[in-house]
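Protein chains: 2
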Amino acid sequence: MQITGRIDAWKLHWEPNHPKPIKIIPDTFWDSDAGKFIEAVAYSLQNHPDAELEKQIDALIDLIEAAQQPDGYLNIWFTGIEPQNRWKNLRDWHELYNAGHLIEGAVAYYNATGKDKLLNVMRRYTDYIATLFGPDEDQRRGYPGHPEIEMALVRLYHATGDERYLNLSKYFVDERGQEPHYFDIEAHERNDDPSRFHFKTYHYCQAHEPVRDQKAATGHSVRAAYLYSAIADLVAEMDDSELLEVSRTIWDDLTGGAMYITGGMGPAHANEGFTFPYDLPNESAYAETCAAVALVFWAQRMFHIDPNSRYIDVMERTLYNGMLSGVSFEGEQFFYANPLSSYPHVNPYEHWSGIHTAEHYRRVDWFECACCPPNLARLVANVGSYFYSTNGDTLFVHLYNDNEAQAQLAGQEVSIRQQTQYPWDGQIQITIEAAQPTAFTVALRIPGWCHAYKVSINGDEQTAPADKGYVHLNRTWSAGDVITLTLDMPVERMISHPDVRHDAGNIALQHSPVVYCLEEADNGPRLANVALPRDGQMNASIDEQLFDGVGVITGDAVRVEPRSWQDGLYQGKSVTEQEHTPFQFKAVPYCFWANREPGEMRVWLREI
Amino acid sequence: MQITGRIDAWKLHWEPNHPKPIKIIPDTFWDSDAGKFIEAVAYSLQNHPDAELEKQIDALIDLIEAAQQPDGYLNIWFTGIEPQNRWKNLRDWHELYNAGHLIEGAVAYYNATGKDKLLNVMRRYTDYIATLFGPDEDQRRGYPGHPEIEMALVRLYHATGDERYLNLSKYFVDERGQEPHYFDIEAHERNDDPSRFHFKTYHYCQAHEPVRDQKAATGHSVRAAYLYSAIADLVAEMDDSELLEVSRTIWDDLTGGAMYITGGMGPAHANEGFTFPYDLPNESAYAETCAAVALVFWAQRMFHIDPNSRYIDVMERTLYNGMLSGVSFEGEQFFYANPLSSYPHVNPYEHWSGIHTAEHYRRVDWFECACCPPNLARLVANVGSYFYSTNGDTLFVHLYNDNEAQAQLAGQEVSIRQQTQYPWDGQIQITIEAAQPTAFTVALRIPGWCHAYKVSINGDEQTAPADKGYVHLNRTWSAGDVITLTLDMPVERMISHPDVRHDAGNIALQHSPVVYCLEEADNGPRLANVALPRDGQMNASIDEQLFDGVGVITGDAVRVEPRSWQDGLYQGKSVTEQEHTPFQFKAVPYCFWANREPGEMRVWLREI
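Residue numbers (my numbering), protein chains in the order written: chain B, 7 to 614; chain W, 7 to 614.
The shape of chain B in the complex, shown without the other chains (with noise of 0.2 Å):
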């Protein structure tokens, strides 16, 4: 953030018309990557105080609120280079998404700190925003070209209690797509022509039909998720059943047609997004990082306004998969784009381009649009609250790993331990414990990969029926209880759905929610020619000496090649012999590849 000058760049408002007190001329975008950073500094905060830190986040929050403008506005770009040209496109530029992410990074602050300097810097700016637009004969009927500040509202109505700001949300949802077309007007007030929009189509920004008349996932799958999600949290506060009814058509168009084995969606570099249904490349795949961290974000929230544990089931899947494959194990390095398949010289972040330069695809420190790294940072950050959630006197436990939580249930402050090696291994023991034996109900989901499962309190094995996926558990509980949660875990051979032709023929290798690829530091390169077995042995195990021991599968293998070849790319098989050779393979989890030497990489692999 400061070498690359998105902390200096807030001193650009210093001197407007003189010359810049800073070298580097900050993008349209810069001031999201503040928001995200305070964001994801905030919960660091609230787990890890940090007293250097805070110091840090309260003189950039001074440089913040310094540079807000007299009427409230906020926004390097439109202070500091183009003053003239604030508000003159919502549909490309990004002031609404700008101050969404601020907006977000100062309730998080807000919440971890009780400091409200930024908080009231950007209610004063979204005071401003809500004079502007909305359907007053004296506002405009805009609403951000990419979608954002929509769920920012929403955090914003939490902490301050101000329905206006809920209310400017459901206008910004509501007003999108609609006709006359603002885009359209605004393009015309510029003096340009609408269709020249790059893009070609608002799809790519969720507007080209009213949000109530939606029934695809579409266009920029970041701005479709952020869209999505804002449009779950309306449900979850308006009680909106025509919302809720889109948010679950969506969701099924997206799950159904449009979403990687990994959780990554949007196949396209070209719009960073959708194309059609059942379109998943694999070595091409773009699948952003960001979207994989918004696809989390709207996942959770579907479960809120639709309990149902396979909403959980596709932000675990992202989690482990799609999304923690866009940073490296050392958490230094960052993907963009999240192939299912690489190969030398093929690198789907520069797809477009047709350049093919770089020998792999590998990743690297900082992107010129850096959205990635800090948006998983605020994720990664806070993912301890994807854990639980409480629903009453329920307390629903989502996700397994080794933790301790607390939690209030039937008014008594309960501790909840959790200890296993999933995902490596499906026992899971639950202690809980309460200064004195209360009544509620553990409801543990049963994810959807699991196919038989025992549940035992102390010892004692439950008859557990799974009800929307979560087994509930009601009694009174006592210090010390135990709960011990197996779930069955076999490797499993997945299939994709008959219409996506790129994985006909082939399978891919799970167990539990992760996702295995087979990678050339293990298994040679051509990875295309290795072939599984149809009655092949498979096996899962830790294997200590990788990554501080991670989960793998090793099994029977064939490699498919000729015994000799002549000259040339093309030979009949009456002169050219196929050779199969069996060895071993080993297969690693998806989101750790690319961490050891370069090479290929092949998450879906033939089956003969």
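Calculated from the structure, these hints are not laboratory results.
It is possible that part of the hints are untrue.
Just so you know, same-sequence chains aren't split out, so a pair can sit in one copy or run between any two.
[Claimed, not checked] Straight-line C-alpha distance at most 27 Å; calculated DSS-like pairs for lysine-lysine: (1) K17 <-> K121; (2) K579 <-> K592; (3) K206 <-> K94; (4) K579 <-> K474; (5) K121 <-> K61; (6) K94 <-> K17; (7) K206 <-> K221; (8) K579 <-> K460; (9) K474 <-> K221.
Every value quoted in this text rests on a predicted model; they were computed, and no experiment measured them.
Start from chain B and add chain W according to the hints.
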């Protein structure tokens, strides 16, 4: 040509700096379309005299002559639209390329009709070009960004005997890629930064290093093959062993690592060209029609400098597959890109944009950049010239099809008549007619795909070993002598080199030089789920009902799809059975695809 304004555009010079007499603004490469059109008509007039058509061409030539400037310069765009930019950007604009095509048209028209008006126009233009570019102090060391004129100059030398044209061709070839780099120099002179070159690297135009150092097919595939064709021309004229070695090396690189089984080449839309070795994606294959045409040019020239049937094998493969697929069966619609797999919404010609709107990829009437249709026309109109060649008293028979031809051999006019159902059947009857018994050699090509053959003369089987792919029959031929060549022609299951990851586990069906494909019209949708059993039967026959009678392959196939499918995109095989449903597939020649109802298509088919 008329409708798009490519004829009227020649009137643009009429009133420089005044309102133009035409409404249609030409593009910088329109001159080349006129050149290719004249060339195609010239070939057609040789076989099919047509006074009306000839009159039209004469009128067009009058327009072209009138557009020539006093100094000899001739170019629509840089006379009528941007006179200030003449010769400012050889890298990106197309002045020398256009000149090349007009020269080729002029020579062909002169050869066909004896009329030399356009030839003289182009000589004047070329004489002027030769004063501008060259090694002398007062000359510029330029050469075209898009090769073409190098070939044309050799033809102009043949037509006129003027060695200056041959030397200018050699100069353009040898100056290419030299340092200091001409494209850098001219960019600086325009106050442009060479690093802003849209295509990033001079590999795009094969100018990244001197031609004599080049070892691989690279960059824009049409530019590449035109350059390589010119190099072969120079070898033929100048006996240049170094350029012969360059030709062989690049040929081996192309055919060993960068050519589709159809003879298509250049997988990427982004640079309309090559990427890296063994990168041959099928669905997004660009494989431009013009590149196939150019490969035919190059292959024929390679045979002449290195007589071996392996070049003609590639020429034949390209003619019957990747070139012919560029035009519809009716001859009126065209493909620019020739993918080897097609799926609704996927348009390889628009692949770069990420906009997937067309339901099916189909041939169209014309293109804005219409290089391909007239290029096809000039090849198809002249295809007869690829069947035979003579060398001393040897008549080479390269291709087989019903045809009649005349040749001068041992001072006699000899007639040759072929009767065959080739490529659907391997039996070829060749009748020789000479006015009197004449001693000469008939050299019959044994195609590389053929592993067994028989030759008889007047019913007597001959011992006929092939030398460099040709069986030489040396005797005194009498009128009515009949050669019967029988080529063993089984259906061959072709596999790709083990480094071609896209075809792993797949086979393509080839019968004779013809590559077959499955279309949805015959085999239903979801062709990715179709697999051919390793030991399945298949049979080639002629379907008299299809396209006036063409070869088809039928045989055993299975459709592999799950028996049932619950929600979602991914399921474990422990819960989802894959069912193998046998059916009889029908494959049609790839070149005829997309001539019936729209649907999927696939060349590479899974083998199980």
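Outcome of the hint check:
In this assembly of identical chains, K17 and K121 lie within 27 Å of each other by CA distance solely inside one copy; the values are 22 Å within and 75 Å between copies. In this assembly of identical chains, the alpha carbons of K579 and K592 lie at most 27 Å apart only when taken from different copies (20 Å versus 30 Å within one copy). In this assembly of identical chains, the alpha carbons of K206 and K94 lie at most 27 Å apart only when taken from the same copy (19 Å versus 33 Å across copies). Proximity of K579 and K474 under a CA criterion of 27 Å is satisfied inter-copy only: 23 Å between copies versus 53 Å inside one chain copy.
In this assembly of identical chains, K121 and K61 lie within 27 Å of each other by CA distance solely inside one copy; the values are 12 Å within and 88 Å between copies. In the homo-oligomer, the alpha carbons of K94 and K17 lie at most 27 Å apart inside one protomer (23 Å), although the nearest pairing across protomers, at 44 Å, exceeds that limit. Proximity of K206 to K221 under the C-alpha cut-off of 27 Å is restricted to the intra-copy arrangement: shortest distance 20 Å within a copy versus 41 Å between copies. Only between protomers do K579 and K460 lie at most 27 Å apart by alpha-carbon distance; the minimum there is 22 Å, versus 52 Å within a single protomer.
In this assembly of identical chains, the alpha carbons of K474 and K221 lie at most 27 Å apart only when taken from the same copy (24 Å versus 63 Å across copies).
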